[in-house]
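*Asks:* Protein chains in written order, with our numbering: chain H, 1 to 930; chain U, 1001 to 1409.
Quick list of in silico lysine-lysine cross-link-like pairs, BS3-like style, CA-CA up to 27 Å: (1) H:Lys458 / U:Lys1189; (2) H:Lys449 / U:Lys1189; (3) U:Lys1189 / H:Lys459; (4) H:Lys444 / H:Lys432; (5) H:Lys282 / H:Lys292; (6) U:Lys1359 / H:Lys874; (7) H:Lys444 / U:Lys1190; (8) U:Lys1134 / H:Lys444; (9) U:Lys1129 / H:Lys449.
Across the chosen pairs, the derived CB separations fall in these ranges: (10) U:Asp1192 / H:Ala563: 56 to 66 Å; (11) U:Asn1164 / H:Gly280: 45 to 55 Å; (12) U:Gln1264 / H:Pro836: 24 to 34 Å; (13) U:Asn1164 / H:Ser428: 24 to 34 Å; (14) U:Gly1094 / H:Ser428: 23 to 33 Å; (15) H:Pro737 / U:Gln1264: 54 to 64 Å; (16) U:Ala1077 / H:Ala276: 51 to 61 Å; (17) H:Val478 / U:Glu1309: 48 to 58 Å.
According to the in silico footprint, chain U covers these stretches of chain H (three or more CB under 8 Å from chain U): (18) 456-466; (19) 837-843; (20) 857-871.
Since the hints were derived computationally from the structure, they do not count as laboratory data. All C-beta atoms, glycine included, are put in the ideal place defined by N, C-alpha and C.
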Amino acid sequence: MAHFVYPVPANAQPGTAYSAQPAYVAATPAQAAYGTATPRPGQAYESYPAAHATTQYAYTTRTQVAVTPAVSYDQPKAYYQPAPAATAYTAAEAHYQTAKPVFTTGAAGFTAQRPASQPKPPAVQVTTASQSYAYSAASTPAVNTYTSAYNNPTTTQSSISGTSYDAAVYSAASSYYQQQQAAKAIGTWAAKKPGTQPFKAKPKGPPKTPQLHYCDVCKISCAGPQTYREHLEGQKHKKKEAAMKGAATPVVRGGHNQLRCELCDVTCTGADAYAAHIRGAKHQKVVKLHTKLGKPIPSTDPVLVTTTGNSTVSVPKATSSTISAVGAGNKTVAKSTTSSVNIVKKVVATPKITFVGGTTLRTTGAKTEEVKAAPEPAAAAKPAEPMQTSSDDLKDDEHLNILGEKDVAPVGHEYIEEVRNEQGKTVSFNCKLCECKFNDPNAKEMHLKGRRHRLQYKKKVDPNLQVEVKPSIRARKVQEDKLRRQSQKEDFWRRREQEDRWRDEMRMEEEMYWEQHRRYDMEYMHRGPMGMMGPRGPFGAGPGPMIRKPESSDDRHVNAKHAAIYPTEVELQAVQTIVSACERALKQTSDVLADSDGPKPEEKKEIKKEEATTDAKQTEKVKEEPANTNRVLKGVMRVGVLAKGLLLHGDLNVNLVVLCSEKPTRTLLERMADSLPKQLATVTEDKYEVKRCVEEAAIIVTAEKEPNPSCTITLTSPVMREANTTEGETVSVKDPPDVLDRQKCLAALAALRHAKWFQARATGLPSCVIVIRILRDLCQRVPTWSHLSQWSMELLVEKCVSSGGPNMSPGDALRRIFECISSGIILPGGPGLYDPCEKDPTNALASLTNQMREDLTASAQHALRLVAFRQIHKVLAMDPLPPPRFPRQRFNNPRKRRHTGSGEGTEEGAEKKEKKEGEEATTEAAATTK
Amino acid sequence: MRGRGGPPMGRGMMRPNFRPGPPFRAFIPHIPFDLVQCESTFPRAKSAPEEKPFTEALLKRNVDLTPSAPEQASVLALVSKIQTILDNLVVTPGAFEAAQIEEVRQVGSFKKGTMMTGHNVADIVVLLKTLPTKEAVAALGSKVQEELKLLEPIEGKVLTMLTNDSGFEMSSAEASVKCLITTIPPNLKKLDPELHLDGKIMQSHLAAIRHSRWFEENAQHSSIKVLIRLLKDLRNRFEGLQPLTPWIIELLSHFAVVNHPSRQPLAINGAFRRSLQLLSAGLFLPGSVGIADPCEQGTVRVHVVMTLEQQDQVCFTAQTLLRVLSHGGFKQILGLEGNASIATEMSVWEGVVVTPSDKAYEKIEKKEDEEEMEEDADESVRRKTCSVKQYQNIQSICHPETQEDADES
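In isolation and in its complexed conformation, chain H is listed as follows:
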């Protein structure tokens, strides 16, 4: 077939060969021309690189043909073309299509398409003219058909400017063709025939002379000449005729993927639909009619060929027809689609199916073709022929596939559910992906291949599935848009870069300029009154940490509790009074005793001094009279809660320790107790009761004035400890007989050390004192905790807080204490608490029994979880605090105000109100956290 093509152009425009473009291009159209080869060519176009200019192909082809008269290998080329399976629709594609009609016309002589010449106007309409096929029914369809075809070429004018040459082309083509045919075609074809056979079926004799009156234009038959004539004169017919002639080709609706049954003039949206149409009664009827009429398609090949011809759509058929040169009376209808793209003129050859993406299947077939085709051009025409045949065979197979599958493999069988009736017969199908139902098994296949189904499959099953994009105008626009945006973006960045460069260059100057300014500003600011800068200092420093560590709910509870257990002003005052009174009185007592005792042995002096200096650091109240070396009472110091500042509300008993230069004896205690009241009277007017408590090694002073604070004055001496640590024996020997209880004295000494330690380690630690106060309260309240000694508790807290990182908030610190105990620090297996105030490794917790430890731990564990679950108030034995309300008052957030309103609205009953407020506040808290 391809032969025809080549000659045509060659003849027509020998001089016009623009360039040596791929020869195969031409071949394709030829194929198409043959009829019907719709899908095929279409595909070819589709895949064709966009770069080629349409018109060029046509010419090129011709040129080549002219040069090489060996027509035969062109065909392979035609196959070859599809090889570059690729790309979607592009402008180029349109061109191909345009080009195709030209050839088509030339070759088959059916329809003429006016391809646009190089400058194609955007919207080109293509005229489709269906022509009468004057086929002489040839027994050898090939030759005959062609000839006839050539005899009756019809040219269609295109509305496009610059297409005028087509007519010439056609005529030229036909003439050339005839020559060709005569010259060699026959032989060629003969050789090919066997290959074609399967498709072609039997060539039939020429159709009987039409007895029916058939209107070609309207494709109807009339009962008799009368009616026929009437029909011809009828409006309907006239209209149709006019439409046809008047270049107003039926514009394909929707455009791209449609198939057209030329015979019935029916357009189908897809290959499957087309196939259905072909199978359909209506089509059969028309076919029958045509057969009867001996109209082109039927006439050549009444049954099979006709169908073939019609089903042209399918590539394989096209091929077969091509090969066999069936010329199966196919009419090619060129449709033009107009698209908005500039060069886009789309002339669609009739069977456009190809678009539907047969690409994949195609590719393989095409590749083989390619291989074959490659040598061919070089080879002479004749030798090439056998090869062609073989390739045709190949093709056929391939086409068969394509015919069946239409190049798209059905996907998602799994999702088709068969609905069966009671007899177990499948009555309908249900596609779970698309949620649709259908009854026809054929429809099932169609559905599986269908675009919609594939899209669903892509969406729901395999995102990688290729679903061809419908090249709608819209899609194209989007595409263009995208491209444009991209280029804009690139442009933007380029400009940006430039700007940057430019800015870099400018920076030097700028910097200099701004540098000057800044210096100026700074000077100015500094010169300004300090008031300007003033607010900044406190502002920056003050709230800084507060912002960083917001007060948590735990903190608030702890702080509130702390405030509640903190001693009142009166209590503090009272304690302060009694302590200072005692201290002063003690000093005087010391003086008195010193006077009365007279000089003491020198040896004591050193010790005294040593003690004095150390004591001086922490207690200013140390009585120091270095001059008086023989003083028995060397100094008095505050210890315990008083020294540590851990006084709680209700704590009115404070402790003082009097250091003696030698082991305190009962005698000494008596003397002091005797002397104290007198001295107290001298230093203050308040009444105090002084009680001696020998077993405690202490004197207890109690104020008679409310709130009756008391002060316990314990006597001790560092000598007690030394004796303890060295040999107890010797010490005991030296001991005066009435020495005071040693343990008490030692405890007093330890208390002294603890006080020192506390001031060194704990006082400065944030949250530490607060938490210790809280825990003191806990120990007083809860029996379980009462076993935990004050000292070990302090030790524990200090260790926990100091190891917990800087700036622990009180809430965190408290929680950490509980965590620490929870993790078993005081349990029998735990490490215990190392006492830093003892020389030997000592466990501060040693006094606890295992049961106490167990209970303490269990209690702490529960407390920990209470804290974690927002029930710290239970641990602290207080009422839960309502969340902070200040945010609302400070910020006038309308939403918050609304809450306020609702809260105030229901202010009945204090209880209820409180509850409301709580809720309201919590919602606020919620709002604020968002």
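Since the structure of chain H is provided, determine the placement of chain U on it from the hints.
*Replies:* Just chain U now, kept in the frame of chain H:
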């Protein structure tokens, strides 16, 4: 003067914005007490107790819990067969149409070497390139089953394939392999609950892959594996520890063994005790910094997958156990003697009465709930907005092995 007015005024104007006050209350997690981290602060005041029997008991228990060689071999055999089959499907995508496999990975306790005896289940995550429709999963399951039968037709082993919510499970008489299906992340958005497997489960399977990778890189020390086994066993025996997911246990074990100032892995006895101590100290309580999930973006505290109630439960059970342990009850804790009642009933150890801890968490009235938000934004928000079921979902995201290893319990 005029010009100078500018900047300070600007600053003044900004103040309200600059200092927003309480509305911005960042959640600052509390770092719970950890004795091992504070060792220097808490020097031993008395000699360390004798730990040898305890250590021995731990090791013995570990041996009991480790699956025997034949068990491991049978699981391994099945796993490698299935892995091979699936790998073949990966390399020949055309061979199987219903789905395309991107990747196949072993995860879970078998992969990590923490499998427990009596739980011969290995997990394989199959990462699909296609979307995991239920049909595709079923088809894949049957395909694998088919291939398996081809591989060993003679043995005639009974192989069953069961599909479930997370994929399918192939079981033979002595071993089973769970194939957990998931899909590549870009597909997760496209999941439709009607057609596909649950997205949360898919995510959890993806997480499982991350977990096994993390584990491979970070937790290969055998102390960790032993501890994981012991803790899993503990979890299985004490109901209060049920909410701990395998992933939490793995992270906790890793933390307990390795997270140490000296970076020297702790001995198993120390690590076991430490795990209980950490749990008791409220590592997994609300407000605690907990353990950040290394396999999730951002800082996700692993324990937030537990409900508050569960957190309380885990904590108080661990606290009770810790006390029992310190009074010498390690045999009961390890399950060598006695039963699990020690966690729930009063017991006496050398004259010391151990009273089990009780729950502190109270059913949230609304008020409390919202107060929660102040600090514990994430938990409370979740609690407020999630139903229990959603909670489970969240749980499963972060802790896939809840499914993987579910039957370990």
